[in-house]
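**Q** Residues per chain are reported as follows:
Number of protein chains: 2
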Amino acid sequence: MVDPRISVINQRLNGIKRIVAVSSGKGGVGKSVVATVLALLLAKEGCRVGLFDLDFTGPSTHIILGVPKGVEPKEEKGLVPPTFDGLAYMSLVYFVGDNPAPLRGVDVSNALIELLSVTQWGKLDFLVIDMPPGIGDPVLDLVRLVERIEFLIITTPSLLAFEVVKKQIALLCELKMPIIGVVENMKMNKATDVQVETEKLGLKYLGAIPYDPLVEATIGNPVKLLETTVASTMSQFKISTKPKK
Amino acid sequence: MVDPRISVINQRLNGIKRIVAVSSGKGGVGKSVVATVLALLLAKEGCRVGLFDLDFTGPSTHIILGVPKGVEPKEEKGLVPPTFDGLAYMSLVYFVGDNPAPLRGVDVSNALIELLSVTQWGKLDFLVIDMPPGIGDPVLDLVRLVERIEFLIITTPSLLAFEVVKKQIALLCELKMPIIGVVENMKMNKATDVQVETEKLGLKYLGAIPYDPLVEATIGNPVKLLETTVASTMSQFKISTKPKK
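So the sequences go chain by chain: S and B.
All the letters of the first sequence, read from the start, carry residue numbers 1 to 245 under our numbering.
All the letters of the second sequence, read from the start, carry residue numbers 1 to 245 under our numbering.
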């Protein structure tokens, strides 16, 4: 039986050319910063971009962007995302609030599905999703529900982190999900292990982002964030930014 | 109604003087390394110590310790943990294997409860638990099921990480869980924000562990791990290592 929500959700996402899920098997690898910078860079190039924060373990892109309290979605046959810094912006934080009470498993899935079904993105070249970390139920739900989802995998040079990320890659490959490539974040040396292993897996190694202690001070200020080495490095990556026809 | 599993589990844990849950609201903060070093340091002081890896999002203490394949629990009216490097050692990895297939939500809870019910720890001064990150269902289950659990909270200096950790702290306080204190891991500068905020919350700031790039090379070698600045710093922390009577 086909899940009826799949068609509702994908009708909602119909006006979007590419859906890029920024994802990591491991938490704390800088996924949210990379997702935010990617969205800002694409917008700067003139693309119509949406940023969608679905990281229920701690939505943080609103903090990184410095979205002020008043900027909120509008109800109009669903929810229309506000525009902030050139991005159409939507976050789980608007749905569950910024409180400590955790969602139980089923509620997380329901919240994700609800947000996917009600958000009116309109026409976009790119929707960048800040994914929940790991490969638990919510990630599997997204994989199952969102057609045309493509993965950008973030890791750090840490062997422990990459071990976990490799499991995620194995799972995505098993599910035949398209993977754009692997980004090595917070690089502090010249080790090539992650690059070598990535290429051995038949995946594209997009490059390394050097650890930049100055990023911390740009949190809440997208203009300054785009001046960091994270942004200048990422702007060199050969992520095809031409939306597929 | 009282959950009957609570009494079974706590009977199993009856011979243990203190149960320390090493925990973080945020992934990737070095929780598993800190938990492993804590267990090794306590054992070195002459305590009887167990290390229990319940991080279903990617159990890694067996990699940090370098536990060889043959070292496995023995079945004997339950599971008897093998002893490795002076620690009684048990991990979810023995239960679910090291494969990429993720457990669905209910299975995670069942696996945790099953492991807690069958493991024969015997008499210990300390059981150090490497907790799942975040404040999702499995953490709530552990809080509910394990009496006498005390939390050691790990964060990094990153404001984004600490924002998420603060939510976890708020939740634990609401649940009236004892918190031993907060450890700031991977410190690279002299910023005092985390210390100031921790003390404002009425919690003990145990100290900062400097970022040590040499830790990576000690993965799999506990003797070398104890020679890092992570271990020398942690040995100075005023975590009361006297088991409560």
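None of these hints come from the bench; they were simulated from the model.
Just so it is clear, the structure is predicted and the values come from calculations on it, not from any experiment.
A virtual CB, placed ideally from N, CA and C, is assigned to each residue, including glycine.
Errors might be hidden in some of the hints.
Which chain B residues stay away from chain S? Per the calculated CB distances, all over 10 Å, these [to be verified]: (1) I63; (2) D85; (3) S117; (4) T156; (5) L159; (6) L203; (7) E216.
Label-pair restraints from in silico Cβ distances [unchecked claim]: (8) S:K123 - B:E114: 44 to 52 Å; (9) B:P213 - S:K44: 27 to 35 Å; (10) B:E75 - S:C173: 42 to 50 Å.
Here are the simulated lysine-lysine pairs, DSS-like style, with alpha carbons at most 25 Å apart [as the list claims (entries may be wrong)]: (11) S:K187 - B:K74; (12) B:K224 - S:K69; (13) B:K224 - B:K187; (14) S:K123 - S:K74; (15) B:K17 - B:K190; (16) B:K224 - B:K69; (17) S:K190 - S:K204; (18) B:K224 - S:K190; (19) S:K224 - S:K204; (20) B:K123 - B:K17; (21) S:K190 - S:K238; (22) S:K187 - B:K190; (23) B:K44 - B:K123; (24) S:K166 - S:K187; (25) B:K123 - B:K190; (26) B:K224 - S:K224; (27) B:K77 - B:K17; (28) B:K17 - B:K69; (29) S:K224 - S:K44; (30) B:K187 - S:K187; (31) B:K204 - B:K190; (32) B:K190 - S:K224; (33) B:K17 - B:K204; (34) S:K166 - B:K69; (35) B:K176 - B:K44; (36) S:K187 - S:K200; (37) B:K187 - S:K190.
**Q** Of the hints stated earlier, which fail here?
**A** 1, 4, 5, 7, 10, 11, 12, 15, 19, 25, 26, 28, 35
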